[in-house]
Amino acid sequence: DQQVKQNSPSLSVQEGRISILNCDYTNSMFDYFLWYKKYPAEGPTFLISISSIKDKNEDGRFTVFLNKSAKHLSLHIVPSQPGDSAVYFCAAVQAGDDYKLSFGAGTTVTVRA
Amino acid sequence: NAGVTQTPKFQVLKTGQSMTLQCAQDMNHNSMYWYRQDPGMGLRLIYYSASEGTTDKGEVPNGYNVSRLNKREFSLRLESAAPSQTSVYFCASRVQGAWTEAFFGQGTRLTVV
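As given, the protein sequences belong to chains Y and Z, one line each in that order.
Going by my numbering, 47 is the number at position 47 of the first sequence; the sequence numbering is gapless.
Going by my numbering, 19 is the number at position 19 of the second sequence; the sequence numbering is gapless.
Please note that the accuracy of each hint is not assured.
[Stated by the list, open to error] What follows is a set of in silico ranges between Cβ atoms, one per label pair, in the way DEER data are often shown:
1. MET19/Z to GLU58/Y: 41 to 49 Å
2. LEU69/Z to ASP55/Y: 30 to 38 Å
3. MET19/Z to ILE18/Y: 25 to 33 Å
4. GLY63/Z to ASN27/Y: 23 to 31 Å
5. VAL113/Z to SER52/Y: 39 to 47 Å
6. ALA41/Y to MET41/Z: 39 to 47 Å
7. GLY83/Y to THR7/Z: 24 to 32 Å
8. LEU69/Z to GLU15/Y: 19 to 27 Å
9. THR100/Z to ASP1/Y: 40 to 48 Å
10. GLY83/Y to THR54/Z: 36 to 44 Å
11. SER52/Y to THR54/Z: 25 to 33 Å
12. GLY96/Y to ASN65/Z: 24 to 32 Å
[Claimed, not checked] Derived DMTMM-like pairs: lysine to aspartate or glutamate, alpha-carbon spacing no greater than 20 Å straight-line:
13. LYS100/Y to GLU73/Z
14. LYS9/Z to GLU42/Y
15. LYS71/Y to ASP24/Y
16. LYS37/Y to ASP38/Z
17. LYS57/Z to ASP38/Z
18. LYS100/Y to GLU59/Z
19. LYS100/Y to GLU15/Y
20. LYS71/Y to ASP1/Y
21. LYS57/Z to ASP1/Y
These are computed hints drawn from the structure, not numbers from a lab.
Keep in mind the model is a prediction, meaning the values are calculated, not measured.
The beta-carbon is built from N, C-alpha and C at its ideal position, and this holds for glycine as well.
Go ahead and model the full structure; you've got the sequences and the hints to work with.
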């Protein structure tokens with residue numbers, strides 16, 4: 001049973017607008033969350049992360065929000081650029097679990113010019 | 001700086017054939033991982049090695065074996081390939097004991113016919 005869920009398989013957004021990607025998790029023991037970005041024929045690359053003691057982390061155009069009570073996190077990309085078109089994976093890990101990342105199914109983002 | 005290198009990039013096998021996927025990292029990381037990516041499933045952990053000399057099963061280990069040859073190399077073996085093992089395989093590594101990201105290789109696309 002998937003512990004990390006990304007319920008939107010795809011997202012289309014106009015260049016310059018905000019992209020919001022959502023992720024839900026079921027394991028309350030997760031304490032570190034990551035977003036990865038993947039282009040076709042390449043491996044995933046790390047984008048941004050957040051620990052469970054925070055509710056927001058920002059890095060340039062990317063901001064991740066964590067709502068522990070709702071077991072929900074989101075990734076905001078502002079402004080969206082054509083190079084942001086990729087598959088985005090949400091991942092989570094539990095302390096002491098030897099960093100076994102649990103991944104969501106991914107959301108394909110298409111940024112329209 | 002090569003990071004995580006996987007060989008081969010592509011492979012077609014007949015049912016019942018065996019093969020080994022190779023992975024090497026040059027970042028002096030202790031922990032290494034093998035994932036498979038299937039449509040709609042995200043990345044699922046097959047096996048991992050927390051440190052040189054240790055290996056453990058992940059979420060989907062059936063049909064696979066691994067060898068941590070040394071600190072740099074972690075191989076994945078399919079003893080008798082099945083069509084259900086058609087997938088994209090990713091190797092990853094990370095620094096052990098810290099909340100840091102995992103670095104991924106570029107993937108091996110395997111088709112079993």
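Could you work out which earlier hints the structure fails to respect and list their numbers in ascending sequence? 2, 3, 6, 8, 9 and 19
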